[in-house]
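**Student:** Residue numbers (our numbering), protein chains in the order written: chain L, 1 to 453; chain S, 1 to 453.
It should be emphasised that the hints constitute simulated quantities derived from the structure, not laboratory data. Built from N, CA and C at the ideal position, the CB exists for glycine as well. Where hints are given, some of them may not hold.
[Unchecked claim] Only some residues are given here: those of chain L computed to face chain S with a beta carbon under 7 Å:
1) 62
2) 64
3) 69
4) 71
5) 75
6) 81
7) 84
8) 151
9) 194
10) 197
11) 437
[Claimed, not checked] Dumping the calculated DMTMM-like pairs for lysine to aspartate or glutamate here, alpha-carbon to alpha-carbon at most 20 Å:
12) 333/L to 303/L
13) 76/S to 195/L
14) 333/L to 369/L
15) 33/S to 195/L
16) 76/S to 200/L
17) 189/S to 163/S
18) 301/L to 313/L
19) 33/L to 195/S
20) 361/S to 35/S
21) 351/S to 156/S
22) 361/S to 327/S
23) 134/L to 86/L
24) 333/S to 303/S
25) 301/L to 91/L
26) 361/L to 108/L
27) 29/S to 195/L
28) 76/L to 163/S
29) 243/L to 260/L
30) 29/L to 195/S
31) 76/L to 108/S
32) 243/L to 213/L
33) 333/L to 305/L
34) 351/S to 108/S
35) 29/S to 363/S
2 protein chains.
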Amino acid sequence: MLNAAPNTLPTPPHVVIIGAGFGGLEAAKALRKADVDITLIDRTNHHLFQPLLYQIATAGLSPPSIAAPTRYLFRKQPNVTRLLGEVVDIDAKARAVRLENGETIAYDHLIVASGATHSYFGNDQWAEHAPGLKTLEDAFNIRRRVLLAFEHAEREEDQATRERWLTFAVIGAGPTGVEMAGTMAEIAKHTLAGEFRRIDSRRARVLLIEGGDRVLLAFPPSLSQRAEEQLTTLGVEVRTSHKVTHIDADGIRVNVNGLEQTIACKTIVWAAGVAASPLGKLLARACALDEASVDRAGRIKVEPDLTVLGHPEISVVGDLALARSYEKDGETKPVPGVSPSAKQMGRRAAKNILVRIAGGKPEVFRYIDYGLLATIGRKSAVVDVVVPLFGHVRFSGLFAWLFWLFIHVYFLIGFRNRMIVLMDWAWAYGTFNRTARVVVGNEKFETKKAVEP
Amino acid sequence: MLNAAPNTLPTPPHVVIIGAGFGGLEAAKALRKADVDITLIDRTNHHLFQPLLYQIATAGLSPPSIAAPTRYLFRKQPNVTRLLGEVVDIDAKARAVRLENGETIAYDHLIVASGATHSYFGNDQWAEHAPGLKTLEDAFNIRRRVLLAFEHAEREEDQATRERWLTFAVIGAGPTGVEMAGTMAEIAKHTLAGEFRRIDSRRARVLLIEGGDRVLLAFPPSLSQRAEEQLTTLGVEVRTSHKVTHIDADGIRVNVNGLEQTIACKTIVWAAGVAASPLGKLLARACALDEASVDRAGRIKVEPDLTVLGHPEISVVGDLALARSYEKDGETKPVPGVSPSAKQMGRRAAKNILVRIAGGKPEVFRYIDYGLLATIGRKSAVVDVVVPLFGHVRFSGLFAWLFWLFIHVYFLIGFRNRMIVLMDWAWAYGTFNRTARVVVGNEKFETKKAVEP
Numbered sequence: 001m002l003n004a005a006p007n008t009l010p011t012p013p014h015v016v017i018i019g020a021g022f023g024g025l026e027a028a029k030a031l032r033k034a035d036v037d038i039t040l041i042d043r044t045n046h047h048l049f050q051p052l053l054y055q056i057a058t059a060g061l062s063p064p065s066i067a068a069p070t071r072y073l074f075r076k077q078p079n080v081t082r083l084l085g086e087v088v089d090i091d092a093k094a095r096a097v098r099l100e101n102g103e104t105i106a107y108d109h110l111i112v113a114s115g116a117t118h119s120y121f122g123n124d125q126w127a128e129h130a131p132g133l134k135t136l137e138d139a140f141n142i143r144r145r146v147l148l149a150f151e152h153a154e155r156e157e158d159q160a161t162r163e164r165w166l167t168f169a170v171i172g173a174g175p176t177g178v179e180m181a182g183t184m185a186e187i188a189k190h191t192l193a194g195e196f197r198r199i200d201s202r203r204a205r206v207l208l209i210e211g212g213d214r215v216l217l218a219f220p221p222s223l224s225q226r227a228e229e230q231l232t233t234l235g236v237e238v239r240t241s242h243k244v245t246h247i248d249a250d251g252i253r254v255n256v257n258g259l260e261q262t263i264a265c266k267t268i269v270w271a272a273g274v275a276a277s278p279l280g281k282l283l284a285r286a287c288a289l290d291e292a293s294v295d296r297a298g299r300i301k302v303e304p305d306l307t308v309l310g311h312p313e314i315s316v317v318g319d320l321a322l323a324r325s326y327e328k329d330g331e332t333k334p335v336p337g338v339s340p341s342a343k344q345m346g347r348r349a350a351k352n353i354l355v356r357i358a359g360g361k362p363e364v365f366r367y368i369d370y371g372l373l374a375t376i377g378r379k380s381a382v383v384d385v386v387v388p389l390f391g392h393v394r395f396s397g398l399f400a401w402l403f404w405l406f407i408h409v410y411f412l413i414g415f416r417n418r419m420i421v422l423m424d425w426a427w428a429y430g431t432f433n434r435t436a437r438v439v440v441g442n443e444k445f446e447t448k449k450a451v452e453p
Numbered sequence: 001m002l003n004a005a006p007n008t009l010p011t012p013p014h015v016v017i018i019g020a021g022f023g024g025l026e027a028a029k030a031l032r033k034a035d036v037d038i039t040l041i042d043r044t045n046h047h048l049f050q051p052l053l054y055q056i057a058t059a060g061l062s063p064p065s066i067a068a069p070t071r072y073l074f075r076k077q078p079n080v081t082r083l084l085g086e087v088v089d090i091d092a093k094a095r096a097v098r099l100e101n102g103e104t105i106a107y108d109h110l111i112v113a114s115g116a117t118h119s120y121f122g123n124d125q126w127a128e129h130a131p132g133l134k135t136l137e138d139a140f141n142i143r144r145r146v147l148l149a150f151e152h153a154e155r156e157e158d159q160a161t162r163e164r165w166l167t168f169a170v171i172g173a174g175p176t177g178v179e180m181a182g183t184m185a186e187i188a189k190h191t192l193a194g195e196f197r198r199i200d201s202r203r204a205r206v207l208l209i210e211g212g213d214r215v216l217l218a219f220p221p222s223l224s225q226r227a228e229e230q231l232t233t234l235g236v237e238v239r240t241s242h243k244v245t246h247i248d249a250d251g252i253r254v255n256v257n258g259l260e261q262t263i264a265c266k267t268i269v270w271a272a273g274v275a276a277s278p279l280g281k282l283l284a285r286a287c288a289l290d291e292a293s294v295d296r297a298g299r300i301k302v303e304p305d306l307t308v309l310g311h312p313e314i315s316v317v318g319d320l321a322l323a324r325s326y327e328k329d330g331e332t333k334p335v336p337g338v339s340p341s342a343k344q345m346g347r348r349a350a351k352n353i354l355v356r357i358a359g360g361k362p363e364v365f366r367y368i369d370y371g372l373l374a375t376i377g378r379k380s381a382v383v384d385v386v387v388p389l390f391g392h393v394r395f396s397g398l399f400a401w402l403f404w405l406f407i408h409v410y411f412l413i414g415f416r417n418r419m420i421v422l423m424d425w426a427w428a429y430g431t432f433n434r435t436a437r438v439v440v441g442n443e444k445f446e447t448k449k450a451v452e453p
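Kindly generate the complete structure, drawing on both the sequences and the hints.
**Tutor:** In structure tokens:
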């Protein structure tokens, strides 16, 4: 019997996490002290603070301010192994994921947190003319297009073409669209004012196009109205009830109450549709889920404890999960696609894995709603915050903007980032200058797809 | 005679400047108060502080710290019109330059300051494996390769291939090569230490390969020796008298005193050869210069007043000019290819244009030598500074590093940049962390050419 005595310690359970966004990061952190091996797989080498991505696109911040190397974040958590790679297949039976280089990684527990991408509602050919904003590459692409549009206008002799270069459209008036439009107006009216000789950048038009009947549909109507007023003050032309029917290199066609209109413009930002990461499809197939378990946007309907039907060892968190919040009163509520919900799901999924390892009963997910906030431009924002025992508090204007600033800087990861971001903003606020106005990859002065990072 | 009276003011002379590097920028600034119209043409939208470009490549700084939008720099100089474009032809007879979009711009005076690019001495196929460092794109390319090499090593199972990923070679031990090698060693030994689970980044090798018999050939031998000692202390393996004969995806072949050797490595940085901008050839043809007027590196031999033979209305400044300094004692000396000489040439060329407009006699160029300096890594640098009435002062080590720091921060354009750079460096110095370690454009985890930067 001596031979049967273990010479090595038993291997701890292996938790594989796909995606280093808010959900995946929080899940890995929540397993900090657990006796598990974690492999965190992501296609990029950094965690991105997506709520401030529009600041990269509008040249207000540089990548290091809102993106931290994931490796660095976990340097003091020895149970995490970081892999830079892309999951191309999931084998739920064999409990393994396969990477793009053929490597297979077996798991005991899997957390899928691969997030969302933008969706053109089946019109993928629009992507070329109206890039979305989800990754750093997207942000650089948009930054280049916006800044080069003014350069094109400066060089253009034809009046109509020049005006087309000086017309900017943001499609979709959710928080990202509102932030983009407000900041683009600020760039045209203030940052670039006086820098051109043949054009007046202040004459540029920024249009915010929304299919619904008001901006910020997720907010209460009173705040939507305040946001629209503030946008108008900044010089943004808000066009609600405008449904986009076509996009090409020369502009947008919209349907307004049944009538077709054309908007001539060269620079378009897509902030309208969101679709789940393509990994959702892989997962649904791997777990043999039926159509009812996947929604139109490709999100996976999860069980109350965030696991996949029939696969208690697989959890889905963040934007990829179609989850409901199980309230104390027994009711359920939908969970909004914001970063606090992704973080909360990540923590819940991680804790449930530990409960399951210990042989206990996993808990249902309950979303704690802290509210919503969106900034519009200098000194303006709208806030709908949930105060415990009190309910919703809604306000807008300068104080809302300071509140927005505080929250965003507070949640930025890493002390150094916070300092730099505050400094950059203080500088931008004082001077109207945007420091990150460097365009890379236009050596040939063309917005070629090939050189776009 | 009344009809002949001018109803409009005479048009001021038109000065066209090609290139917004140190030479072109200084020329435009020197014409600040002059009654001339200036058109400044550059392929990028920013002025780049090239001496710190290696800091971008090694993830120590972000672009806004060392690159300023040229438009912003000239926002208060109304006689400057900035054009983002590429000059594809020069017509010296018609006195006009042609841009890539067909636009023709006539000039009365032309300053060509298009600088230099890297040269592979006729082996352009090496470029793919050993990128050089001249533009922001180059810097991002190198940054991506260096950081991803460690990621590849972490994922590689084959021992030999893993070691190849963990071997880094810098070819050419001039200031840029020395700075790159020292900083890469620092990244491997300190910044990344403890962040990987399967490899030990401290075991990475950094080789500095130089064809000559010592590093920093432009410096006095005593400083070369100090630099080599400091590099060795940092962990860099210095290989002098190694002549590169071949480069491919698997490494380098070198000739050492007649013997061929192979160095297996995946990540190679080219810091060896410099060639004049291709505009040199265009200019030589346009001005019908003979072979003797263009050197092997493609630089244009200029007259004592920096103009082109037979074309007093065309000046060449900076790295594109093969200029000599006309000393007080009647002797002439070669001018080194450093930023102070480009700036001094830019100013001289601009002043000579004004002299010529006023009907005076242009002055010869005299280079004021302030010395040379190069940094090696944390706390070490070599300095050879010229003190007026005293001569050369040479020192190395910590004090030299502080001196280097002061000079570089002092000459950075824009107060905000200086603050940020100092903060970034203080942070990096205190923590060994490099904040700009974000890799963009590797969504597919491949170092594809198409997505660079």
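**Student:** Would you pick out the hints that fail for this structure and give their numbers low to high?
**Tutor:** 21, 28 and 31
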